[in-house]
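**Q** Protein chains in written order, with the working numbering: chain X, 167 to 648; chain L, 278 to 599; chain A, 5 to 252.
Please keep in mind that the hints were generated in silico from the structure rather than gathered at the bench. Where hints are given, some of them may not hold.
As the list claims (entries may be wrong) - Computed Cβ-Cβ distance ranges for the label pairs, DEER-style:
#1 Ala17(A) x Val468(L): 15 to 23 angstroms
#2 Thr408(X) x Met393(L): 46 to 54 angstroms
#3 Val468(L) x Arg116(A): 40 to 48 angstroms
#4 Ala283(L) x Arg116(A): 28 to 36 angstroms
#5 Gly113(A) x Val468(L): 18 to 26 angstroms
#6 Met576(L) x Gln129(A): 51 to 59 angstroms
#7 Val295(L) x Glu493(X): 56 to 64 angstroms
#8 Ala446(L) x Lys571(X): 40 to 48 angstroms
#9 Ala283(L) x Thr408(X): 56 to 64 angstroms
As the list claims (entries may be wrong) - Now the stretches of chain A that chain L is said to cover, found in silico as 3 or more residues with beta-carbon under 8 angstroms:
#10 53 to 65
#11 71 to 85
#12 88 to 102
#13 118 to 130
Said to hold, decoys possible - The following residues of chain L were derived to be distant from chain X, with all beta-carbon distances above 12 angstroms:
#14 Val304
#15 Trp362
#16 Leu370
#17 Leu394
#18 Leu426
#19 Ala450
#20 Asp465
#21 Ile506
#22 Asp507
#23 Ile511
#24 Ile521
#25 Val542
#26 Val572
All values derive from a computational prediction rather than experimental measurement. Quick reminder that beta carbons are idealized off the backbone N, C-alpha and C, glycines included.
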Amino acid sequence: MRRSKVLTLFMALALTAGCGGGGNASSGLPADQKQPASSGSSTGNGIRLGILGQCEGPFGGFHEDVVAGTTLALARFAGASPSSKTSALEGFSGAKVAGTPIELVGIGCGDDTADRIVQEVRRLVEQLGANVIIGPLSGDEGIAIAEYAKAHPDLTVLAGISGSQEQTLHVRAPNYFRFYGDGAIWNAGLGDLLHNKEGWETVAVIADDYSFGHTSAAGFIADFCAVGGKVTHRVFPPLGTTDYSSYIAQLPNPDEVDGYFWAVGGTGTQAALEAFVNGKGDLTGKQHAGNLFFNPDLAQALGTDIAGAYVGGFATLPSDVRTPEIEEYLAAADKTWESIPGALSGNKPAKPSVAAAFGFFYGYYTAGVALAEALEAVGGDITDVPAFHKAIAGLTLDLPYGDIKLDANRSGIVDVGLSRLVNESGKVVQQTVAIVPGVDQTFGGTFSPDTPSPGRDSPACAKRDLPWAGKAITVVNGVPQR
Amino acid sequence: MKLAFACLVFGLALLPAVATPFFVNFVMTQTLILGLAAATIVFLAKYGGMISLAQLLMVGIAGFMYGNAALDGGARGLNLGWHPWAAAGFAILVTTLVAFVLGAIASRSTGIYFLMLTLVYGVIGYFVFAQIVEISGPGGITSIQRPELLGPPVLLYYAGLLLSVAAYAGFRALGRTAFGLALQGVRDDPVRMASLGFNVPLHRALAFALAGFVAGLAGLLNVWWNGQIDPASISIGPTLILLIIAVIGGISSLKGAWLGAFVYVLVLTYLRDLPLVDRIGLTEARFNTVIGVIVLMIMVLSPEGLTGIVHKIRKQFGETRP
Amino acid sequence: MTPVVQVHDVTVAFGGLHALRGVDLDIAPGERLAIIGPNGAGKTTLFNVIAGDIAPTTGAVVIKGRDCTHRPSRHRPRLGLARTYQKARTFSGLTVCENIYLALAGHRGRHRTLWRSAADRRMRQEAAQVAGQVWLSGQLDVVAGELAHGQRRQLELAMAVAAQPDVMLLDEPASGLSRGERERLVELIESLDEQLTLLLIEHDMEVAFRVAQRVIVMADGRQVMAGSPDQVRADPHVHQIYLGTEGA
Chain X
167 MRRSKVLTLF MALALTAGCG GGGNASSGLP ADQKQPASSG SSTGNGIRLG
217 ILGQCEGPFG GFHEDVVAGT TLALARFAGA SPSSKTSALE GFSGAKVAGT
267 PIELVGIGCG DDTADRIVQE VRRLVEQLGA NVIIGPLSGD EGIAIAEYAK
317 AHPDLTVLAG ISGSQEQTLH VRAPNYFRFY GDGAIWNAGL GDLLHNKEGW
367 ETVAVIADDY SFGHTSAAGF IADFCAVGGK VTHRVFPPLG TTDYSSYIAQ
417 LPNPDEVDGY FWAVGGTGTQ AALEAFVNGK GDLTGKQHAG NLFFNPDLAQ
467 ALGTDIAGAY VGGFATLPSD VRTPEIEEYL AAADKTWESI PGALSGNKPA
517 KPSVAAAFGF FYGYYTAGVA LAEALEAVGG DITDVPAFHK AIAGLTLDLP
567 YGDIKLDANR SGIVDVGLSR LVNESGKVVQ QTVAIVPGVD QTFGGTFSPD
617 TPSPGRDSPA CAKRDLPWAG KAITVVNGVP QR
Chain L
278 MKLAFACLVF GLALLPAVAT PFFVNFVMTQ TLILGLAAAT IVFLAKYGGM
328 ISLAQLLMVG IAGFMYGNAA LDGGARGLNL GWHPWAAAGF AILVTTLVAF
378 VLGAIASRST GIYFLMLTLV YGVIGYFVFA QIVEISGPGG ITSIQRPELL
428 GPPVLLYYAG LLLSVAAYAG FRALGRTAFG LALQGVRDDP VRMASLGFNV
478 PLHRALAFAL AGFVAGLAGL LNVWWNGQID PASISIGPTL ILLIIAVIGG
528 ISSLKGAWLG AFVYVLVLTY LRDLPLVDRI GLTEARFNTV IGVIVLMIMV
578 LSPEGLTGIV HKIRKQFGET RP
Chain A
5 MTPVVQVHDV TVAFGGLHAL RGVDLDIAPG ERLAIIGPNG AGKTTLFNVI
55 AGDIAPTTGA VVIKGRDCTH RPSRHRPRLG LARTYQKART FSGLTVCENI
105 YLALAGHRGR HRTLWRSAAD RRMRQEAAQV AGQVWLSGQL DVVAGELAHG
155 QRRQLELAMA VAAQPDVMLL DEPASGLSRG ERERLVELIE SLDEQLTLLL
205 IEHDMEVAFR VAQRVIVMAD GRQVMAGSPD QVRADPHVHQ IYLGTEGA
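In isolation and in its complexed conformation, chain X is listed as follows:
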């Protein structure tokens, strides 16, 4: 008889919570549906928006930034007003486009794992009834959410800033849209520049041994090889390595190769370069290039020798480029909040434009703009979901850091800004040197739905035509020379 109490309690809890979970249970077996009753168009004609961020894990600091990105877009183009002047996480109200209200039903909290983000999206969609999702933030999450979208065709997902290639190129969910580039795209044009302008024939690549490192290196390799360069070495230290000396030893000496490409992120960038100085001698900036993790702060530890190195792009352009559109965008951010505690300011309150100028905020911003413009395009009518998706796929967004439209797999065709670290009277700063227009995922055929994901051995080094080769727009003193 002892056990009966436990069991009864268990059952009572189960039933109470079950019935309390929502009052929309209907007759029959409501659970026996592929689509939850509350999602899609069945809850009326409004947009029920869920945002997937990360409040834990390596990118946990960007939670505020990404929610603010979408909020700013809706504040600018849907009349939303944030509930707080000092944080975006409090939500917003009053968003409406073409008569269709946009309600924020929840903010998902990821921890950089696919398992968790799938649970979070299920909570947003299946419990809270979201019919539009903006997010997620990181690479593996993007693949998982794209798969989820594929299984739930009535849902609409606008990716946040997740940079993996496969989420669009391989999964190809018809309701998953990405209005920014991927990890490979952000290094497009760099190889062209180094090979044709700096005369690099050979390069050694060193990249983190996980999906983003592979993807980032893949973009550079595809580009550099397409224009005729040769990759002599590929070295992949595990993520989180602290002593890089053994990996540096695997690299050729500076006189054996024309240059090095670094896709080592986080604290590893500096540690790896220091190990290089110890193992191979002083840095010669001109002999190095890196992805977005190469930033002027490295000079604090490594000295001004790093000046001369080329740096790949990200979703936004470096801060020296100031077009009227960018100024307007940053001013709008500052007008929307007094301050927000973004990741770049160490989660201390700072001017919103600090966060807005960085890619994490901006990726979620583009998604928000896409939502508003697509609603406009269908006249606020989302009852016809395929038509709504078609409208999104057909959008060309006029965005502050360059126009973006989607390719056949609904991934962004974007402009990539390349920059260089330069020594300005003893201080190393990042200077934009070129904007590569119209970069798409495929790199002229290097990547396709049938090619393996970027990895240690893929892609192979092959010469081929790139649509953007030789079309880079030079940037002088922050002004594109169109």
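With chain X held as given, fit chains L and A onto it using these hints.
**A** Chains L and A alone, transformed into the frame defined by chain X:
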């Protein structure tokens, strides 16, 4: 007692008719899967005196094996393209064999050494899948479909319910068989068991394999439910979560495994929906802290977990009654 | 008649400590042999060597003509050997019936049956019968951990008896028993099959001398003397090393 159990199962079977799809397909299905996996920890601890931290690894192995075998085409895993049920059988077979081998290696250690050894299994297992990308992705195996028979989500709930009931009843019945009694004998006094003629290490290894088999079933349900699995799914964090679930319910109570899983999923899902809960600092980012505090409170109040607390309450009531 | 148990020149050393120093022992079938001696004499070590819980450092153990020197203890029941322990080693989480059942299951090789069959039911009935033999019928469903000390010793004995062994090793069966319980113990031992070879360690001279046909005296890892109970009782040397205090 049997009546109450039957009532509970009946109630759970009727649940999809009254509860929301989210509650059934998300909360309860997850509860049943986690409960099934945690029950293998309880089984080994209760009957064998072995606290294993390798059970989530078994869940993971089954998931990865199913993914590799069942997927056809695409960039991830081996893409063997087998029939789903063949893949499921293969996954269970591999998991059980691995569990037997690992169990045999660990069969001569007990107590804290066994715990540490199985922790090492968990960590090595994680790195095996994280580094041998041919079988784990790269970056995990996604787009895993469940067999057509289990197409509608509610059928997955029923599959979880069926396996949970079978595992619960099976483990309990096993405790009274020669195998189960011998396992308890091994727990109480391995030396005596040997002098009675039992092969103690083999017995431990077989028990570990059996637990691995059941954990493998939970692993199948898990990939069918989640649609994907990646190395992070079996890293040290989730490994400890599974142990915590067993501890919340009461490490020596089989039904406690499901109770613990239910509490865990409820907290994970609904805590942030409580009004004003974020005003006292309980945002979702602090979820692990909340779980930690719950575990601490339960450990202080009752070392036998929630089941122990319920027993205590029942006793109190029993005493005050005339 | 060939001895059922032969111990040849067995030495056991734990590091530098010699627990046994060259012990020779032949036990004839059906013999009742008691080993006595002061604490630390090596009696229990000798038991553990015969039962296979300890492998000897040198020497050999032959049971029924088979060399068992390095065979682990789990092979002994098949050779018809059963033992009890000085401190009752019962399974504290299981009932009296289940304890005896396990002794039967171990002997019959039903180790890994996953279901309860008719054979199972018969074994439980047998276990109940054996429990009756040691006056534990009333405690069949009591968990061993909750038994009184004397009852636990009875259970210990029952687990040895249950397998119907040819050779039984009893390690201080009377320790900690009351006078009445000792009487019952002797009764019980005397009621056992006459064919049974019995080897027992006993501190209680009364019990040892009543049950045994031959007594071996050990001290410091060696056999000091052997003889009939009367011979041993009369030996002044034995009095000196062992019975001295008690006999005074």
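**Q** A separate judgement is required for each hint: does it hold in the structure or not?
**A** Outcome of the hint check:
1. For the pair Ala17(A) and Val468(L), the beta carbons lie near 21 angstroms from each other, so the given range of 15 to 23 angstroms is met.
2. The supplied range of 46 to 54 angstroms is broken by Thr408(X) and Met393(L), whose beta-carbon atoms lie about 25 angstroms from each other.
3. The hinted range of 40 to 48 angstroms is not satisfied by Val468(L) and Arg116(A), whose Cβ atoms lie roughly 20 angstroms apart.
4. At roughly 30 angstroms, the beta carbons of Ala283(L) and Arg116(A) sit within the given window of 28 to 36 angstroms.
5. For the pair Gly113(A) and Val468(L), the supplied restraint of 18 to 26 angstroms holds, since their beta-carbon distance comes to about 19 angstroms.
6. In this structure, Met576(L) and Gln129(A) break the distance hint of 51 to 59 angstroms, their C-beta atoms being roughly 43 angstroms apart.
7. In this structure the hint that Val295(L) and Glu493(X) lie 56 to 64 angstroms apart at CB holds, the actual value being about 57 angstroms.
8. One distance hint, 40 to 48 angstroms for the beta-carbon pair Ala446(L) and Lys571(X), is violated here, with the actual separation near 59 angstroms.
9. Our hint of 56 to 64 angstroms for Ala283(L) and Thr408(X) holds, since their Cβ atoms are close to 58 angstroms apart.
10. Using a Cβ-Cβ cut-off of 8 angstroms, 3 residues of the stretch 53 to 65 of chain A lie near chain L, which meets the minimum of three, so the contact claim holds.
11. Coverage of the stretch 71 to 85 of chain A by chain L holds in this model, with 7 residues showing a Cβ closer than 8 angstroms to a Cβ of that chain against a need of three.
12. Counting residues of the stretch 88 to 102 of chain A whose CB falls under 8 angstroms from any CB of chain L gives 8; the rule of at least 3 is met.
13. Residue count for the stretch 118 to 130 of chain A with a Cβ under 8 angstroms from a Cβ of chain L: 4. That meets the three needed, and the coverage hint holds.
14. The beta carbon of Val304(L) is not kept farther than 12 angstroms from every beta carbon of chain X, the shortest such distance being approximately 7 angstroms.
15. The Cβ of Trp362(L) lies farther than 12 angstroms from every Cβ of chain X, with a closest approach of about 21 angstroms, so its non-interface assignment holds.
16. Distance check on Leu370(L): its Cβ is at least 25 angstroms (rounded) from any Cβ of chain X, clearing the 12 angstroms threshold; non-interface status holds.
17. No beta-carbon of chain X is positioned within 12 angstroms of the beta-carbon of Leu394(L); the least distance is around 25 angstroms.
18. No beta-carbon of chain X comes within 12 angstroms of the beta-carbon of Leu426(L); the shortest separation is about 14 angstroms.
19. With a minimum CB-CB distance of about 15 angstroms to chain X, Ala450(L) clears the 12 angstroms threshold, and the non-interface call stands.
20. No beta-carbon of chain X comes within 12 angstroms of the beta-carbon of Asp465(L); the shortest separation is about 22 angstroms.
21. In this structure Ile506(L) is not separated from chain X by more than 12 angstroms, as the shortest Cβ-Cβ distance comes to only about 8 angstroms.
22. The Cβ of Asp507(L) does not lie farther than 12 angstroms from every Cβ of chain X; its closest approach is about 5 angstroms, which violates its non-interface assignment.
23. The beta carbon of Ile511(L) sits about 10 angstroms from the closest Cβ of chain X, which is not more than 12 angstroms, so the claim that it is off the interface is violated.
24. Non-interface call for Ile521(L) relative to chain X: holds, since the shortest CB-CB distance, roughly 16 angstroms, exceeds 12 angstroms.
25. Not every CB of chain X is more than 12 angstroms from the CB of Val542(L) (nearest about 9 angstroms), against its label as outside the interface.
26. Residue-level check passed: Val572(L) sits 18 angstroms from the nearest beta carbon of chain X, beyond 12 angstroms.
The earlier numbered hints that this structure contradicts are 2, 3, 6, 8, 14, 21, 22, 23, 25.
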